[in-house]
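Peer 1: Got chain A; can you put chain B on it based on the hints?
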Amino acid sequence: MNLADLIVENATAGLFRVHRSAMTSAEVLRLEQERIFARSWLYVGHDSEVPEPGDYQRRVVAGRPLILVRGRDNVIRVLINSCLHRGALVCRIDTGNANAFQCFYHGWSYDTAGRLIGVPDVEGYSTDFRRLEQALMAPPHVDSYRGLYFVNFGAAAPSLHDYLGNARELIDLTMDSAEPLGGWKVIRGTAKYRIHANWKLLAENSTDNYHFRTVHRTYTDYLAERRERVGAPAPTVNRITNSLSLALENGHVAMLTRSVGRPIANPSPVWSEVVTAETERLRKELTKIYGEERGLQMATVSRFLIIFPNQAFQDTQSGFRMRQWWPTSPGEMDVNQWEFVPRSEHPDITAYRLEGATMFLGPGGFGTPDDIEALESCQIGFGAPEVEWSDMSRGMQRVPRSDDELAARGFWRQWHALIQGFDGAARTGDPTTTKSMPQNMELRA
Amino acid sequence: MNADARAVCGVSASQENLLLRLAVEYFLYEEAAHLDNWRLDEWLKLFTNDARYLVPAVDLPDGDPARDMMFVDDDYERLKGRVTRLKSRHAHREYPSSRTRRLITNVRLTRIAPSEVDAEASFAVYRSRNEIIAPYVGIYRYTLVRLDSGTFLIRRRRAELDLERLTDHGAVSIIL
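Protein sequence lines, in the order shown, are assigned to chains A and B. Numbered by my numbering, the letters in the first sequence go through residues 1 to 445 in order. Numbered by my numbering, the letters in the second sequence go through residues 1 to 176 in order.
Chain A with its partners taken away, still in its complex shape (with noise of 0.2 angstroms):
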């Protein structure tokens, strides 16, 4: 396999391929971990899930099993979930609070900061041995933005700052949406759930709104069925007219919609009066805070960002939720998800919230099954590879609408860099795309 031949692309024709066996080749998948996984930053968790000292979560990030916990001296770390004796993990349930780790093997034990407390019968070892100062493993790399904890494993790795280069301003926007409210909590459920599909199609269809109008039809005809029985006119949904798509830094892309619904902060016409008051407000708190610009970015724009390479950062018309996906094999990937509320929301708005996340983007919702519907059908399409191409040229050739696929060729050529051991795309957009951050977003409501 050629490496370099696994894309085409061509601007002055406006043509863009990916080979289908990037999507079925278990080459391409062991690649992936050792170039895209060992070396990407990749998220574990948020501080607000360990809110007490003790407290911890178990998690599974690139197949290695961790441990973010507050240790008892107030510090969030993330541990190795390995004995350092024969390898058995030391924690064994999901979630909870701790004075310190066991491994149930044969019992050595550690602090909640990761030292080595406790040897049964220490006495056999060897003075030499007693005398080291041993503690659970930690990732050569950890750091958080904005209360996010991320790891890299790689030997060398930017900064998490520089990572995420240009799109912290998007993730800064949400997160300080919040804080009138007391900042963001992860709330507990966690959608846990997997499709028999490549992980890079997930990461294209979350930032597509070529589909949405054909996959998610039951759904818009749903809200259109609410709205009419309280009288107001069909939802605008993802409209061409108000949504765009970016190419960010680093392979992180994002499509951006202005949207009604959203809790934060621009009311739905079928949301009671008590809630619809309480949104103005808190928009007009934000602009207050914020300046009329930002505010109204935070409260009425809807952020789908792809934090490369496996993450979903949605702040939407149906909450704000992080999703994160891991190959397991070229065609199946396990998704969890998980939902973020303000501290200190109302209640009211808060039902709202959940019904929105749970009405569109849950496994049980009208529109996540289809899209896992359609990324299953593609990946069984890939079983004749006589049909060698999967085509992304839409919108090359003019400045690209949000139903382009400007961001699905961002995600793609940051791919196509690193699966070659490119540090990272030289370009992000295509030929005629404009530098267009929020802040030059000109939408029509």
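Heads up, a few of these hints could be off.
[Claimed, not checked] What follows is a list of derived Cβ distance ranges for each label pair: (1) B:D75 / A:H106: 41 to 47 angstroms; (2) A:E273 / B:D75: 15 to 21 angstroms; (3) B:V83 / A:E34: 16 to 22 angstroms; (4) A:I93 / B:R67: 18 to 24 angstroms; (5) B:R39 / A:H106: 44 to 50 angstroms; (6) B:E16 / A:E225: 39 to 45 angstroms; (7) A:G231 / B:D62: 46 to 52 angstroms; (8) B:H90 / A:R115: 53 to 59 angstroms; (9) A:D172 / B:D62: 46 to 52 angstroms; (10) B:A66 / A:D172: 29 to 35 angstroms; (11) B:R67 / A:T328: 27 to 33 angstroms; (12) A:T328 / B:H90: 25 to 31 angstroms.
[What the hints assert, rightly or not] Some chain B residues flagged as far from chain A (calculated, every beta-carbon gap over 12 angstroms): (13) L20; (14) D36; (15) L44; (16) G63; (17) H90; (18) Y95.
Please keep in mind that the hints were generated in silico from the structure rather than gathered at the bench. A virtual CB, placed ideally from N, CA and C, is assigned to each residue, including glycine.
Peer 2: Leaving out everything else, chain B in the frame of chain A:
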């Protein structure tokens, strides 16, 4: 479990309560037959207007819809929307429809009141599609409204899954 309910399960059960348990079991089987045969309009008629249908997240079977993330949290209007969606050929995950078979067992009445009865039942719902068969396994918790005719309406229906992840299922695209 109150004393009346215990009597349903034990040797001291009154004939009346044994008949009630049989009536509940039969109602659950009839409901399952509607779902397995995709008679969704008939199924919807089994609900009260204040009904709630809930499926908690796989890692939180005791999830509270007021503050936790759920897989399904339907009031009657959303339930109606779900039925409308599943009847559409644009509900892609279920077009063409999957084949399902519901095994319902271990039926227990946990509360008997003059107007309502609470029941629990174990379930295995097998879903087959694209040559993959995936079992949803768990427990139902029902609150049923007792009608003069001797049958019931569903006021609360909660399906708690014993799964750690939706694996071959991918989603909860059918009604559990």
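Peer 1: Indicate, hint by hint, whether the structure satisfies it.
Peer 2: Cross-check of the supplied hints:
As the Cβ distance of D75 (chain B) to H106 (chain A) is approximately 53 angstroms, the hint placing it in 41 to 47 angstroms is violated. A beta carbon spacing of about 19 angstroms between E273 (chain A) and D75 (chain B) agrees with the range 15 to 21 angstroms that was offered as a hint. Roughly 48 angstroms separates the CB atoms of V83 (chain B) and E34 (chain A), a value that falls outside the hinted 16 to 22 angstroms. The hint said 18 to 24 angstroms for the Cβ distance between I93 (chain A) and R67 (chain B), and at roughly 22 angstroms that hint holds.
Distance hint check for R39 (chain B) and H106 (chain A): the Cβ-Cβ separation is about 59 angstroms, which falls outside the suggested range of 44 to 50 angstroms. Under the hint 39 to 45 angstroms, the C-beta atoms of E16 (chain B) and E225 (chain A), about 44 angstroms apart, fit the expected range. G231 (chain A) and D62 (chain B) have their C-beta atoms about 39 angstroms apart, which leaves the hinted 46 to 52 angstroms range violated. About 57 angstroms separates the C-beta atoms of H90 (chain B) and R115 (chain A), a value consistent with the hinted range of 53 to 59 angstroms.
Between D172 (chain A) and D62 (chain B), the C-beta spacing of about 36 angstroms breaks the proposed range 46 to 52 angstroms. A66 (chain B) and D172 (chain A) have their C-beta atoms about 30 angstroms apart, which keeps the hinted 29 to 35 angstroms range intact. A beta carbon spacing of about 32 angstroms between R67 (chain B) and T328 (chain A) agrees with the range 27 to 33 angstroms that was offered as a hint. For the pair T328 (chain A) and H90 (chain B), the supplied restraint of 25 to 31 angstroms holds, since their beta-carbon distance comes to about 30 angstroms.
No beta-carbon of chain A comes within 12 angstroms of the beta-carbon of L20 (chain B); the shortest separation is about 32 angstroms. With a closest Cβ-Cβ approach of about 19 angstroms to chain A, D36 (chain B) is found to remain outside the 12 angstroms limit, as its non-interface label requires. Once the 12 angstroms rule is applied to beta carbons, L44 (chain B) is consistent with being away from chain A; the minimum gap is 15 angstroms. Distance check on G63 (chain B): its Cβ comes as close as 5 angstroms (rounded) to a Cβ of chain A, failing to clear the 12 angstroms threshold; non-interface status is violated.
For H90 (chain B), the non-interface assignment is contradicted: its Cβ lies about 4 angstroms from the closest Cβ of chain A, within the 12 angstroms cut-off. Its closest Cβ contact with chain A, about 9 angstroms, brings Y95 (chain B) to no more than 12 angstroms, contrary to its assignment away from the interface.
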